[in-house]
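**Q** If you want the building blocks of each chain, they are given just below.
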Amino acid sequence: MSLFSLADVTFDVPGRRLIDHLSLEIAEGAVTALVGRNGSGKSTLLKLIAGQNRPTLGQISHAGRALADWPPRELARRIAYLPQVTPVAEGIRLAELVALGRYPWRGALGRFRPEDHAAVTGAMQRCGLDSLADRLVDTLSGGERQRGWIAMMLAQGARTLLLDEPTSALDIAHQVEVLGLVQAMSRETGLSAVIVLHDVNLAARYCDRVVALDGGRLALEGPVRDLMTPEALARVYGLPMEVATRSGYPFAVPL
Amino acid sequence: MKIALTAVVLALGLWTFAALSLLPLADWPGLPWRVDSLGIDQILLTHGLMPRGVVALLAGACLGLAGALMQAVLRNPLADPTTLGTAAGAQLALVAATIFAPALLANGALPVALAGALAVTLPVLAIGARRGFAPVTVTIAGMLAGMLCAAVATALTLAQGHYLLSLVIWNGGALSQQDWTGARNLGLAFLPALALAALLARPLMVLSLGAEAARGLGLSLAPLRAAAILLAVALSAMVSAEVGLVGFVGLAAPAIARAMGARSLLARLLVAPLAGALVLGPADSALLAVAALGGPSLPTGALTGLIGGPLLLWLLPRMAAQVPPGTEAGDALSRRSAYPGRVLALLLLGVVALSLLTLFGGRGPEGWGFIPAELRGTFLPLRATAITAALAAGALLAGSGAVLQRLTANPMAAPEVLGVTGGAALGYAATVFLVSAPGPLALALGAGLGGALALAALTALALRADLAPARLLLAGLAIGALASSVLAAIMASSDPRAWMVLGWLAGSTAQVTPTGAAVLAALALVFLAALIAAARWLEILPLGAPVSRALGLPLTPLRLALILGAGLATGTASLLVGPVSFVGLMAPQLARSLGLVRAASFVTGSWLIGALLMCVAAFGARTATFPYDLPLGLVATLVGAPWLFLTLLRRTAA
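Residue numbers (this note's numbering), protein chains in the order written: chain A, 1 to 255; chain B, 1 to 654.
Calculated from the structure, these hints are not laboratory results.
Even for Gly, the Cβ is constructed at its ideal location relative to N, Cα and C.
Accuracy of the hints is not assured; some may be wrong.
As the list claims (entries may be wrong) - The calculated label-pair distances, taken between Cβ atoms and stated as ranges, are:
hint: 1; chain 1: A; residue 1: Ala118; chain 2: B; residue 2: Ala353; range: 43 to 49 Å
hint: 2; chain 1: A; residue 1: Leu57; chain 2: B; residue 2: Ile532; range: 40 to 46 Å
hint: 3; chain 1: B; residue 1: Ala267; chain 2: A; residue 2: Leu255; range: 42 to 48 Å
Kindly produce the complete structure, drawing on both the sequences and the hints.
**A** Written out as structure tokens, the structure reads:
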């Protein structure tokens, strides 16, 4: 069964159509890159499958059940979403932020159990944040803060991560760190992820599959190597590019 | 252009109708109009109606220009002399001068009005400057400052009795004239101001790209901002001095100018005065015509307020695209308490100790001291009732404030802003006027119903998906503005029953029964329990809608429930303390500065601090002018507001 399946999905905002009759299956257990030009509808599509927005027309289902039919907390136990701009977490310590990820499991009043504490500690360890647990989130560096939010998503215990340009504010070392973390977790535990990315080379290096959009329509869908040809890149970005391979990974440069 | 023509025809037609019903055209005097050779009706025409028509146009033009300048320099489509508190500051200065130092007015009202306008606008803008002139925050600060000024002016009016009824009428913005000096003064001020505004157009255009881009283009921001603000404030003060409080024309005019096709900033600066004249002209002529038909003579400012409230609501969704993202961010916290439990315990101790102290201690005929044993049986139950009610009202207001600040992630959110209290005031006024000799129960029901209606309107707005919490606050302010303009019209009707409403507006614990106090206290405790139960929600909500939704929060029902809860708590408390007290804004701010950050300790701390503040206010209200009680809400406002503004100024943006 596919992770997400979209049937003839359209999303309009007043005066504009952002997603145009899109039908698509997104595979489970893989890291999928969501690419396309600015304004092609990448972030919009991610918000739709995260249940943040409801499609104007058409149907989106997760694990065979329409998104609208999932109770919010049950859905949050399966899907974790990170917006493009992470909000200011005023006066919250890192450990407390990560612990907010347990809300879908415990609700407003439920007591924290040993497994909740274990999930929080485990998520922080996985992201290499143990030593920062008592720091205020506001005082962390950009890379640390981004990892903190990803740790919150891991504590959520969701098997699917949806990340909207998680690397846009990070230097190359932190970009590699964040994407490497997602890739490793997918390889080790079969986690699924959908990541909006601008950099095709990072997509080629760290993702398994690719969905490319153009003007709200599907331009390309398949294994990520399908994107890394001059023809496909020209179709998606409208730019002549050259593709070469080094150390087993393809990379593209504009001509 | 069609709107403009219609407005011109409307204004001229209505004015001519009013003038002709005063005096047939055949009797109109020829120039020169010499008072000694004219009849009474002829004088009323040449020195009353004619200058009034001109003053309406000129005052509208001045306000339109002031609004356009403020909106351009603050990059805020909601800025105008009303929403920045400028007009209310001028009004308060004039009321105070009339009562305490009438000699100041000997050289004309303008210097006094200007001083008052500046004294309020500058702190509001200083608060704005600390927060990158974020539109919502600046508007909330300005409207709160305006409410504060209005509350103080109300109290002064109340204290001075009927002598000030003419001032109350002026507060409502009456344009009636006795000669041509008003028209001449406004004309002499307007034309140079228009020329100056045209000179500022190009630098303002550069500023419209944003502060950083403008600095990059070599613009020095401070002199430009100062010049434009000073000009706008001077124009607004001029209008205040000549005709009184005329609200929202400055807000409407630039929007109308844009609708009339004025795209560029220079065009908007030139067309906005025209639009302002075309708003105020027909409005005033319509009132003249109503009066000519034998209807009541209503103040023009009340009418523009009636237009202004809905206009603000209409502008809100349109504003969304113009607010640069990230400018509405909250404040950086100075510190976080390591032992929130101890802070809360100390606060609780403080509340208990202060309640007992003010219960037994106080001021009697023999001066300060504890109440003698033989009087305890008589006075303690009375005092206990008043103190319980004050504690509960403070706690309810503070709890609502804490919820709203968490819900909107805006430290300026306050229950006063919700419009609930304005609705309650309207309900109270309606009961006073519609029911003959209403009892306390009827009055409470009326106020409760009014508050509930305002809350329902607000909830309907909140249900619209595009209305973010920050704009919800502005919607509340708009409802409040609407209510206060109706109240102003009621006050201006010079009906003796208006004094009853005025008295309630200032707030008093004197009429609370023991049962009422017990019910309030029970409500406050239930509210606290609900807040603590909702703590985990209140922790997540400030992180914004996407994160809240991603964590599975039922966002729409949750927001509705919190707004309803806060609205009901505010409405109940304001039955006792009147519409404005600022406790709901102050207490959460204090809780933050004590380092109470996590949701549970934040709401509990706010609740306790609110009770504490109101207990202090109740003591002050009882003792300051012994044996007479001062209005509770007024004391709370006077104690809290200056301190609040200082706190807001000190805290710097993240």
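**Q** Determine for every hint whether it applies to the structure shown.
**A** Here is what the structure says about each hint:
The supplied range of 43 to 49 Å is met by alanine 118 (chain A) and alanine 353 (chain B), whose beta-carbon atoms lie about 44 Å from each other. The hinted window of 40 to 46 Å between leucine 57 (chain A) and isoleucine 532 (chain B) holds, with their beta carbons roughly 43 Å apart. Taken as a hint, the range 42 to 48 Å holds for the pair alanine 267 (chain B) and leucine 255 (chain A), whose Cβ atoms sit roughly 47 Å apart.
Hint check: no violations occur; every hint is consistent with the structure.
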